[in-house]
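K.L.:
Using the sequences and the hints, build the whole thing.
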Amino acid sequence: MNAAAPSDDTLIRIRGLTTVLSGKKVFDALDMDIPRGKVTAIMGPSGTGKTTLLKHITGQMRGDAGQVQVDGKNVPELGREALYALREKIGYLFQNSALLTDFDVFENVAFPLRQHTSLPEVLIRNIVLTKLQAVGLRGAAQLAPSELSGGMARRVALARAIVFDPMLILYDEPFVGLDPIALNQVLKLIRTLNQTLGITSVLVAHELDAIKQVADRVFLIANGKVVAQGDPKTIAGDGSPWTRQFFGGEADGPVPFQYPASDYAEALGFPRSGA
Amino acid sequence: MSQRKSYAVGTGLFIVLGFAALAYLATQTSSVANRQQGDSYTVDAQFQNIGQLKERAPVKIAGVRVGQVQSIALEPGKAVADVKLSIDKRYDTIPTDSVATVYTSGLLGDQYVGIEYGHAKKYVANGGKLALTRSSEPLEEMLGKFFGAGGAADAIGGTYKVFARFSNVGTLSAGSPVKMAGVPIGRVVSVQAEPDKLDALVTLAIDNRYNQIPDDSAAAVFTSGLIGSQYVAIQPGGSPDMLKNGDEMILTQSAMQLEDLIGKFLVNGSGSGDGKQGAGASTSPAGKH
Amino acid sequence: MNARIERDNIVTQSLGQIGACGLFLLQILAATPRSLRRHVRETVRQLWFVGAMSLTIIMVCGLFVGMVLALQLYHVLSIFGGTAATGTVVAISIYRELGPVITALLFAGRAGTAITAEIGLMRATDQIAAMELMAVDPLAYVAAPRFLAGLIALPLLCCVFSALGIFGGHLVGVTWLGIDNGTFWSNMTATVDVWQDIISGVVWKSLAFGAVVALIAVFQGYTAPPTSEGVAYATTRTVVASSIAILALDFVLTAFLM
Ligand SMILES: Nc1ncnc2c1ncn2[C@@H]1O[C@H](COP(=O)(O)OP(=O)(O)OP(=O)(O)O)[C@@H](O)[C@H]1O
Ligand SMILES: [Mg+2]
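So the sequence lines, in the order shown, correspond to chains A, B and C.
First residue of the first sequence? That's 16 in our numbering, and the numbers climb one at a time after it.
First residue of the second sequence? That's 52 in our numbering, and the numbers climb one at a time after it.
First residue of the third sequence? That's 46 in our numbering, and the numbers climb one at a time after it.
Source of the hints: derived by calculation from the structure; they are not laboratory data.
Cβ coordinates follow ideal geometry from the N, Cα and C atoms, glycine included.
Hints may be right or wrong, so weigh each one.
[Said to hold, decoys possible] Derived list of chain C stretches under chain B, where covered just means 3 residues or more per stretch with a C-beta under 8 Å from a C-beta of chain B:
(1) 82–94
(2) 176–183
(3) 232–239
(4) 273–283
P.N.:
In structure tokens, the structure reads:
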């Protein structure tokens, strides 16, 4: 948008991010550039730190070293006010929906609007119902979160994440628990939001087929680093051992299936057989 | 959103209720309720001894509250308490020779100043003085002892046992006091049911000092106060023979309705108002309020 | 080092908790202006939940406390022929001690536990994090309104409790035991002082108790481990810590204020 700044087509710029959590190096000098106005997918084995990465982008967590720049601002250095001002422009879909159990579906989606605007009730109603219609749950507006199935809750959370038409939306596993029909609708929604409103989307997901349909770019992270990146349609066949193992679903390879642990035989009490 | 409204309305009601309760407590149950509405004038009175009298204690005429104690100070150079009474303007016809007395309402009650009218034609004016005063007297303590249940007598000189049968002992139990003329003279040793006679056999242990009780005396089960503990009261008869160890008292009066009346009398006499009145031993004009 | 942590005794732990609780209070106080500016509605809603919804239990308990107090005192006072003072003693003991203390204890059990469990579960289900990400400060939206609601509700509840207590005392003393109605009231009004008994007892004490109970409840919920066991344990701690704090504070306030 601001053509003067050359860095402008990169919305999120991560440099040398290093984070140690309970003794484990989750990120090891991670570098990543997420383009503005595009759909970017982040993939990686479970427990590799995808959710943690999103938390760094929203400032919920701070790394031990490195920079996380979002829209030109270094998130770890922001004060409370500035951080909240930034968050108002970010939509976030939780891995576990995280709906407010105090309110019904309608009020959950309306929550960000009520908190940050003083729009008239009619307008709020229109916006909320539009978003609920988009995720196919307008009829469920009066239900309580406890009355929803997991997939429905996920879609309500999605409606809430997009209700503000933010600059950036972070989706943590948006496709989990969706049936093929809902999955297609959500995919269409992500694409529409991106194409018509130019909303940058970052999605963490494991479904390569779905990612191929929406994402412009994909990052594969493992062992605290970006190990592969590129076009989702071609990345699986780029020939690197990482992608071969990950997309081939092989247990053996550079990505360990096991969480770092002591020797198995030793833990079971057998004498070491010797290597 | 109707939901939101109902919260707001309910919460509003709750707050109003809370403040209403506070207003009620503050104005109806505290001394604010006694604040005079109208103007008042001040009268001086000097006492030798004011006992427990405090500032803002009531001033009463014939038991009716007419004002309050404004200040208490020691008269300079004298061992005399100078008490300023603030009295309602409506009661401005107090004769100059009226007597001010420090009374106690009940034994534990707070003290107050009672004024008994004199006969003088002149009335006390603002800043005037009541020359005739009476200080708080130890008589009250005696009265209190008389009306209180007191403890059972400590049997220093040994005891002798007598028996009494009652058709109804109420809540009388072992350890209850035995009294004569209100003075404890012994205690109940045991209360046993007598199945064959359908009544209760009560064993009394009476101090040897009180061995001059006629054998036709009556024993009655009384209550000190309305729900106070029960005791055995002995009303002396006229027989020349005295009760001995192992005797049985023939005349008994069980716990019955009559005692309600007596109980009420005792309660009123010792509790409400002032002990003096119940005994008729004083000139106090203060009645019940 | 692990062994050292395990050897940390209960005193060190409690001191740590008290310190953390104090810091948390500062955070809440800092968030209060924001909370009042942007989320007053939430405070009103919480006032409904912790205040209005506690009315029934408070009223019933107040009534019974007043009744049993009158019964007991009448019995004891009748020994000294002082039954006329029943009303006075009922009023004074309710205003100065029983009203604020019992109301606060009931409040800790009725509303404090609810606050802790609610906030603990909100954290466990990521609702707190969701608010943070929607740029809604949970300190201002969740913590401060509940703290303020507790602070406001407890004195009001205590007033209601005391009024019902007096009513219960009157019911037993006058209607049942037959103390003269005028005696009952006039002795009470002669002795009870607005400032010493009602304001510094009912109002100030319960204001302090309200702050303590609400702070402990919110703090325990906020710092509860995000597990079902963690929330359950935090709820228990709310009751235990509030009860101890109420009674200890009661002693301190009585010793210094009265
Ligand atoms: N609060 C925390 N404290 C300590 N370690 C943590 C914390 N949060 C995450 N971790 C560790 O960081 C690593 C990354 O966790 P994260 O939740 O980011 O994984 P993920 O890539 O999102 O996995 P999944 O695909 O299963 O959601 C894990 O090894 C986890 O043990
Ligand atoms: Mg995750």
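K.L.:
Now look at each hint and say whether the structure bears it out.
P.N.:
Verification of the supplied hints:
1. 82–94: holds (count 5)
2. 176–183: It is violated, with 0 qualifying residues against the three required.
3. 232–239: Since 8 is at least three, the answer is holds.
4. 273–283: violated (count 0)
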